[in-house]
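Number of protein chains: 2
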Amino acid sequence: MRLVTYRASTGPRIGVVLPDDRVHDVRAGTLEEIVGDAAALDGAREAADAASTSLDLPRIDELELLPPVRPGKLLCIGYNYRGHVPDGEDPTANDPAYPDVFVKTANVLIGPNDPVELPQVEADVDYEGEIALVIGRRAKNVTLDAALDHVAGYTLFDDVTARDWQRHGSQFTLGKSFDTFGPLGPWLVTADEIADPQDLVVEVERDGVITARQSTATMIFPMAFLVHHLSQVMTLEPGDVISTGTPQKLPAAAEAHRPLADGDAVTVRVAGLGELTTRFTTTTEDAR
Amino acid sequence: MRLVTYRASTGPRIGVVLPDDRVHDVRAGTLEEIVGDAAALDGAREAADAASTSLDLPRIDELELLPPVRPGKLLCIGYNYRGHVPDGEDPTANDPAYPDVFVKTANVLIGPNDPVELPQVEADVDYEGEIALVIGRRAKNVTLDAALDHVAGYTLFDDVTARDWQRHGSQFTLGKSFDTFGPLGPWLVTADEIADPQDLVVEVERDGVITARQSTATMIFPMAFLVHHLSQVMTLEPGDVISTGTPQKLPAAAEAHRPLADGDAVTVRVAGLGELTTRFTTTTEDAR
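Chains as they are written, first to last, in full-length UniProt numbering: chain A, 1 to 288; chain B, 1 to 288.
Hints in this document: simulated from the structure, not taken from any laboratory. Be aware that one or more of the hints could be misleading.
Selected chain A positions facing chain B (Cβ under 10 Å, derived; list incomplete) [said to hold, decoys possible]:
| no. | residue |
| --- | --- |
| 1 | Tyr6 |
| 2 | Ala8 |
| 3 | Asn94 |
| 4 | Pro99 |
| 5 | Val121 |
| 6 | Gly169 |
| 7 | Gln171 |
| 8 | Asp179 |
| 9 | Leu230 |
| 10 | Glu237 |
| 11 | Gly272 |
Some chain A residues well away from chain B (every beta-carbon gap over 12 Å; in silico) [claimed, not checked]:
| no. | residue |
| --- | --- |
| 12 | Asp42 |
| 13 | Thr92 |
| 14 | Val101 |
| 15 | Arg258 |
| 16 | Thr281 |
Computed beta-carbon distance windows for the label pairs [said to hold, decoys possible]:
| no. | chain 1 | residue 1 | chain 2 | residue 2 | range |
| --- | --- | --- | --- | --- | --- |
| 17 | A | Asp124 | B | Gln198 | 30 to 36 Å |
| 18 | B | Asp207 | A | Ala254 | 50 to 56 Å |
| 19 | A | Ala195 | B | Asp164 | 35 to 41 Å |
| 20 | A | Asp124 | B | Asp164 | 31 to 37 Å |
| 21 | B | Glu64 | A | Asp207 | 52 to 58 Å |
| 22 | B | Gly88 | A | Asp124 | 37 to 43 Å |
| 23 | B | Ala261 | A | Thr143 | 25 to 31 Å |
| 24 | B | Pro251 | A | Asp124 | 25 to 31 Å |
| 25 | A | Arg279 | B | Gly88 | 43 to 49 Å |
| 26 | A | Glu64 | B | Glu89 | 56 to 62 Å |
No experiment lies behind these values; they were computed from the predicted model shown. Backbone N, C-alpha and C fix where the C-beta goes; we use that ideal spot for every residue, glycine too.
Full structure from sequences and hints, please.
Shown next as structure tokens:
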């Protein structure tokens, strides 16, 4: 099941995206309110199945999509895809002992069709296309085996980053947390639809050119481990997001890199999860 | 004016702490809802002044204090107090070019009388006593001169840290974000009461021994600069908290350091802001 949160005149609403990309309205509210509620999800599924022939429903491209969830915590993972090594070498030789975790602040979050506003201050802006998992059931000290039971589903995320600001200190925070630097969506795909989250291919495209393509099989810390590990530290709540790291840029793309500029577009694409295309614009907002 | 948020049977309420430490109730809600509202603050002040002889009000130690605000963003600053240098040497010689900023996640936040629960996993837990500023008016791209106009006031914070986890990767996040690792309070002191935030002495005490004592005059990045700098990146919202860094431990205390254990207590004290004493306990909560 694909679930969206969208804006209506009366406030945000939750919808199920039908196979023909029409949206069956479920209820008022935002998705983090129901991702932990199995009965509510079952009800949404049944109602959507019953409605799936209705052609009087709005098409998804007619709706103003909001981020599928509004996470209380938006956690990101640094280096988490192994690079290519020559035959005979151990691909795990450079694996770190622990995942490197950082936070993006709430002001970054935008919907899947919203543009990223390039900063007014000088900033060398880059993209990172990622799979984001969404917590469904509260998780504290969960075992590795039980970890994925706490995942409601998956969506896509662009961990937009100002590389120069990221390097201003030891901590990435400021380079990662400019307003609008977090497009999320387009929808949440419930976990039951993904047979194996470690067998997905993440593809990232900039201005029509594939710049990264890598399987989640090459992840250093699989998603179950991330949930297990983070839950030893913090109580993960329904709607919390863990963005699982970006595949390595292809050598040609890394070499050709230039900072994102007004009019550029980046797409993150994963079969089964859909695609998230983000435009980058020069903000016209004045200093307040 | 000293403002608190406290728990009542009907939900959280806001109060003004009178000179005799009795609390005048202002209204339902939490402080971040009114810190940006000058008229509401003036109203609270006038009502409290009129009430200041009432001995039928509860004493502050009879109330269950909540964190004075529940910040949408809890931002912390790394190394921000200069060390002592011998006479004739330049104390600014080791100043970094930019403040090092990190985030603590929402699950850390506890009230001023709540205990920190030591993690169930192995963790080398330390304390950092700090002045935290609270944003009153939304701030984006504010000038250095105007920055303090956006500050509602000041409170105290213990940036509790698991040193071993902090060093697991390049990013501090996990070591900083265990559940309960963020006692905040006891109250918000409105900015009008602090003649010069760069002329305050922060004193930290562990089990009766002073372990740090340093003036905010020795800060590398003054509070106005922090607000200005952060506002170039992110829109700061009313109730957001910037904890401004911890003074350096005195050499004897640094040498005598041992991880915090069940029954320990740490106090942060600043004349004019009050004191925040935190107990550390071994959690009895079972894995879920």
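How the hints compare with the structure:
no. : hint                               : in the structure
1   : Tyr6                               : violated (23 Å)
2   : Ala8                               : violated (24 Å)
3   : Asn94                              : violated (14 Å)
4   : Pro99                              : holds (7 Å)
5   : Val121                             : holds (5 Å)
6   : Gly169                             : holds (3 Å)
7   : Gln171                             : holds (5 Å)
8   : Asp179                             : holds (5 Å)
9   : Leu230                             : holds (7 Å)
10  : Glu237                             : holds (8 Å)
11  : Gly272                             : violated (29 Å)
12  : Asp42                              : holds (23 Å)
13  : Thr92                              : holds (17 Å)
14  : Val101                             : violated (5 Å)
15  : Arg258                             : holds (22 Å)
16  : Thr281                             : holds (17 Å)
17  : A/Asp124 with B/Gln198: 30 to 36 Å : holds (32 Å)
18  : B/Asp207 with A/Ala254: 50 to 56 Å : holds (53 Å)
19  : A/Ala195 with B/Asp164: 35 to 41 Å : holds (37 Å)
20  : A/Asp124 with B/Asp164: 31 to 37 Å : holds (33 Å)
21  : B/Glu64 with A/Asp207: 52 to 58 Å  : holds (56 Å)
22  : B/Gly88 with A/Asp124: 37 to 43 Å  : holds (40 Å)
23  : B/Ala261 with A/Thr143: 25 to 31 Å : holds (27 Å)
24  : B/Pro251 with A/Asp124: 25 to 31 Å : violated (41 Å)
25  : A/Arg279 with B/Gly88: 43 to 49 Å  : violated (56 Å)
26  : A/Glu64 with B/Glu89: 56 to 62 Å   : holds (59 Å)
In this structure, the earlier hints numbered 1, 2, 3, 11, 14, 24 and 25 are contradicted, and the remaining ones agree with it.
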